[in-house]
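Spelled out from the first residue to the last, the chains are:
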Amino acid sequence: MSDLPEPSEAATDMRRSLVKRLWFVLPVLVFVVIAVVLAVTLGRQSNEHARDLPSALVDKPLPAFNLPPVEGYEAGLSDADIKAAGVSLLNVFASWCGPCRVEHPIWMDYAKQPDAVPLFGLNYKDQPENASSWLKKLGDPYRKIGADLNGRVGIDFGVYGVPETFIIDKTGRIVFKHVGVMTRKDLDETILPLIARLKG
Amino acid sequence: MNWRAALIAAFLIALPVTSWAAVDRPLEDATLEARALKLNQEIRCLVCQGQSVADSNADLAYDLRQLVRERVAAGDSDAVVLDYLHARYGDFVLLEPPVKPATYALWFGPPVLLVIGGVAVLLFHRHNRKRNAATPTPLNEAERRALDVLLKDDGP
Chain A
1 MSDLPEPSEA
11 ATDMRRSLVK
21 RLWFVLPVLV
31 FVVIAVVLAV
41 TLGRQSNEHA
51 RDLPSALVDK
61 PLPAFNLPPV
71 EGYEAGLSDA
81 DIKAAGVSLL
91 NVFASWCGPC
101 RVEHPIWMDY
111 AKQPDAVPLF
121 GLNYKDQPEN
131 ASSWLKKLGD
141 PYRKIGADLN
151 GRVGIDFGVY
161 GVPETFIIDK
171 TGRIVFKHVG
181 VMTRKDLDET
191 ILPLIARLKG
Chain B
1 MNWRAALIAA
11 FLIALPVTSW
21 AAVDRPLEDA
31 TLEARALKLN
41 QEIRCLVCQG
51 QSVADSNADL
61 AYDLRQLVRE
71 RVAAGDSDAV
81 VLDYLHARYG
91 DFVLLEPPVK
101 PATYALWFGP
111 PVLLVIGGVA
121 VLLFHRHNRK
131 RNAATPTPLN
141 EAERRALDVL
151 LKDDGP
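Respectively, the protein sequence lines represent chains A and B. Read in the working numbering, the first sequence has 91 at position 91, and its numbers run on one by one without any break. Read in the working numbering, the second sequence has 116 at position 116, and its numbers run on one by one without any break.
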């Protein structure tokens, strides 16, 4: 009897060992797939909008509210004011919020545009005197501002990080929420086209 | 100004801010406060995101804790309080997400994987047992004698 197996036997052996090897490779493949998925999601996490959460208020009507004015102002802000204004923007801001200062020039600039929709302000948990001096010093781009001193209206709007900006349609429904600094790019590429669509 | 001085300055600037931070006002009724605490442990802090509102020091977490206390004191049931927050902040505010098609993978993924893994282990074992069960050809006379010699040699 020869030591070498018959040729056909060698072939089946080889096939069997190949299958066996595949079984060893499979977990590695699974691992690689999982690792790639995790790496990609991790990479996405590190971008600036990672903390953005889907808003529960999108597609819902404005919550009812009636806020007093910021110190030194005559009128406050209510949901009726916003509903009466048609398509509009509501910007949640505070003098203590650094990013709000960063986006402030964008709003000053926007409010000057001839085709700008009304911009309303929700002054979130501010010290009354700080809010009014902030607006005096940097300018006031808002049509009307409500002072949400204890942050309850903010909670009704699902606010969790100032600044936040809401787009409201003609029927008084919230259609979009932007969390964080409003950049030129965000305004030009997302906000303004959406407003144009809502107006049209 | 060197960095040490800057650090001390930063600390001194931060000091009054921490002393302004709002302090929790627990409810006087211990059972209501216990309920509020339990609810607060089920609510995610939206600022820090990995923590419950009960554990977080964020300003918003404080506001939400106080809000939950108010609603519990006003006689709202646990479900009503959670619904109130869910309507404003969505699924994310609940540390235990609701079971719905979008969260099926979250809820049923691990058990399904466990079952798949269990079946794989079972199949592997059965396969192995079958292979081991194949009885080897018995030793012939010569081999047995050789083995006996070897085993005897092994003794002390």
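Please note that the accuracy of each hint is not assured.
In silico BS3-like pairs for lysine-lysine, Cα to Cα no more than 25 angstroms straight-line [to be verified]: (1) K170(A) to K199(A); (2) K136(A) to K112(A); (3) K20(A) to K100(B); (4) K83(A) to K144(A); (5) K60(A) to K100(B).
Just so you know, the hints here were simulated from the structure itself, not pulled from any lab data. On a predicted model such as this, the values are computed, not experimentally measured, just so you know.
We went through each hint and held it up to the structure:
no. : hint               : verdict
1   : K170(A) to K199(A) : 8 angstroms, holds
2   : K136(A) to K112(A) : 17 angstroms, holds
3   : K20(A) to K100(B)  : 40 angstroms, violated
4   : K83(A) to K144(A)  : 13 angstroms, holds
5   : K60(A) to K100(B)  : 20 angstroms, holds
When held up to the earlier numbered hints, the structure conflicts with hint 3 and nothing else.
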